[in-house]
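For what it's worth, the UniProt record's numbering labels the leading residue of the sequence shown as 1, then goes sequentially.
Quick caveat, the hints were computed from the structure, so don't treat them as lab data. A couple of the hints might just be wrong.
[Said to hold, decoys possible] As a list, the in silico DSSO-like pairs of lysine-lysine whose alpha-carbon atoms are at most 30 angstroms apart: (1) K146 x K161; (2) K83 x K568; (3) K386 x K568; (4) K146 x K83; (5) K38 x K146.
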Amino acid sequence: MSTAGKRLHSKVTIPVMHLPITFHNLNYYIDTPPEMLKQGYPTRRLRLLNNITGALRPGVLSALMGVSGAGKTTLLDVLAGRKTGGYIEGDIRIGGYPKVQETFVRILGYCEQVDIHSPQLTVEESVTYSAWLRLPSHVDEQTRSKFVAEVLETVELDQIKDVLVGSPQKNGLSMEQRKRLTIAVELVSNPSIILMDEPTTGLDTRSAAIVIRAVKNICETGRTVVCTIHQPSTEIFEAFDELILMKSGGKTIYSGPIGERSCKVIEYFEKISGVPKIKSNCNPATWMMDVTSTSMEVQHNMDFAILYEESSLHREAEDLVEQLSIPLPNSENLCFSHSFAQNGWIQLKACLWKQNITYWRSPQYNLRRIMMTVISALIYGILFWKHAKVLNNEQDMLSVFGAMYLGFTTIGAYNDQTIIPFSTTERIVMYRERFAGMYSSWSYSFAQAFIEIPYVFIQVVLYTLIVYPSTGYYWTAHKFLWFFYTTFCSILSYVYVGLLLVSITPNVQVATILASFFNTMQTLFSGFILPAPQIPKWWTWLYYLTPTSWALNALLTSQYGNIEKEVKAFGETKSVSIFLNDYFGFHQDKLSVVAAVLVAFPFVLIILFSLSIEKLNFQKR
1 MSTAGKRLHS
11 KVTIPVMHLP
21 ITFHNLNYYI
31 DTPPEMLKQG
41 YPTRRLRLLN
51 NITGALRPGV
61 LSALMGVSGA
71 GKTTLLDVLA
81 GRKTGGYIEG
91 DIRIGGYPKV
101 QETFVRILGY
111 CEQVDIHSPQ
121 LTVEESVTYS
131 AWLRLPSHVD
141 EQTRSKFVAE
151 VLETVELDQI
161 KDVLVGSPQK
171 NGLSMEQRKR
181 LTIAVELVSN
191 PSIILMDEPT
201 TGLDTRSAAI
211 VIRAVKNICE
221 TGRTVVCTIH
231 QPSTEIFEAF
241 DELILMKSGG
251 KTIYSGPIGE
261 RSCKVIEYFE
271 KISGVPKIKS
281 NCNPATWMMD
291 VTSTSMEVQH
301 NMDFAILYEE
311 SSLHREAEDL
321 VEQLSIPLPN
331 SENLCFSHSF
341 AQNGWIQLKA
351 CLWKQNITYW
361 RSPQYNLRRI
371 MMTVISALIY
381 GILFWKHAKV
391 LNNEQDMLSV
401 FGAMYLGFTT
411 IGAYNDQTII
421 PFSTTERIVM
431 YRERFAGMYS
441 SWSYSFAQAF
451 IEIPYVFIQV
461 VLYTLIVYPS
471 TGYYWTAHKF
481 LWFFYTTFCS
491 ILSYVYVGLL
501 LVSITPNVQV
511 ATILASFFNT
521 MQTLFSGFIL
531 PAPQIPKWWT
541 WLYYLTPTSW
551 ALNALLTSQY
561 GNIEKEVKAF
571 GETKSVSIFL
581 NDYFGFHQDK
591 LSVVAAVLVA
601 FPFVLIILFS
611 LSIEKLNFQK
621 R
């Protein structure tokens, strides 16, 4: 056992269950694509996995290999329960008991081929966050911190624990370091079973060796580990204990031990008539893939899948699966009292912690909108300098009212457009974290919504402190607080609309288009361009569903609803308050209702955002 493996095994005080995973006659189908049906494909279902049988055992490092399209990643996804479509047949058992997905995710670590992490977090923060939400609730903070440190040491990331993850396109961790971070984030949940999809792909020989060494350390702690690998070096191939080899069509052609210096694999294939002997100093993995190619099958009129089914190796694999499919005496099926490792409050607290770090380290997002707010406020303040009380006719009133309306809608529209690309980046991470059972959709969405509040508050404070005195609005506490409250609720609603659009659309482009459409509809039905009394009756419902219509009502009514100054409006002399009533349909005595609706909009949008996160998943597998 390696030194790192011994350290993790000897120091960890968190028990880990040693569980095998077996699968028998596993099949996976998808609906046949229309193009293939047009070309005469005989059935309406396309089989991607064909009666796959195998066993993955604790402490045994297994490799899953095959040509591109053989079904390696498909098999991992089916075992992990990550498929969002298709049809699965067969038997999957964990520790001898039928797999139940809700409990299986609690003891599973799944390392995807694409390393998905929040770029604003450091290495240690990423691992700590995973441990916080995935370790059992009885694990205290001190034990959790020690475990995080040990995991970082095991995957050899302890020397760079304070480095920001960054993004692959710009800066931060190298590809090999990101791979090890992906492993650490899963390992820190203390899983019994770890599935890794091509952890060495895209890495040079040295980097791949570092990753496999970390994987080997993990396996030596008694966990069940399987990796899909592609074109490994001899050293990496022989670091594995067992091999499942697949061919096109999702069929198994070898399942068994690799042996010292690949002796078992070489012995099996060299016994097959027509297979050339391996040359001296040849990479056994490369040789194996060459001699089992489709062209070799055609050349010698053989089918390696049939040969495997008729071999003693296949019978041994069936016997092993049968043996491990029976629960051990006195063992119990996996059972957890709750769906998540942590309660809702801890989930919310952890998600807020992460969001706070993410926002604080994203100055390009937050400073940009704050600067835009200040610039807009200065422009409006200068253009409408002391105009707020200059009300002599309808032109003066509509000019001042228009300034109020444009002020909050301009900032709001900018906010919902800028939050879309920022939130979309985190959505990809959220999909991975939610599959791992880290938190509920409600915890994530409420944390995402709550973290926006202080930043929007700062925007509104700056905007109000600049616009209110420069435009010359009435200096009373009542009117000032109404102005601030209305602007805050309105801009917050715009932000939450942006979050909602991200959750109900497949990509940034569609969300941005819908945001533009939403902002246009906000303008049309705000009641300013076309006042409420003039809107056709069959469109009135849209006026009441538009947040800006209520914000405009609150701003104008709270500021001018009790102003009895008489002005000339459209050939008539009337007070400002009566003009608001006649022209816009705004009433001073309904302000309390307006206030309630204004604060209700953000809450409704948060709930819709949460439901969308829970029900919709645009990550197709």
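Verify the proposed pairing of K83 with K568, using a straight-line Cα cut of 30 angstroms.
68 angstroms, violated
Restraint status (C-alpha distance of K386 to K568 at most 30 angstroms):
20 angstroms, holds
Within a Cα-Cα threshold of 30 angstroms, do K38 and K146 meet the stated pairing?
Violated: K38 and K146 sit about 59 angstroms apart, past 30 angstroms.
Has the given pair, K146 with K161, been kept, meaning a C-alpha gap of at most 30 angstroms?
14 angstroms, holds
Would you check the hint for K146 and K83, treating anything up to 30 angstroms between C-alpha atoms as holding?
35 angstroms, violated
Consistency note: the structure conflicts with the earlier hints numbered 2, 4 and 5.
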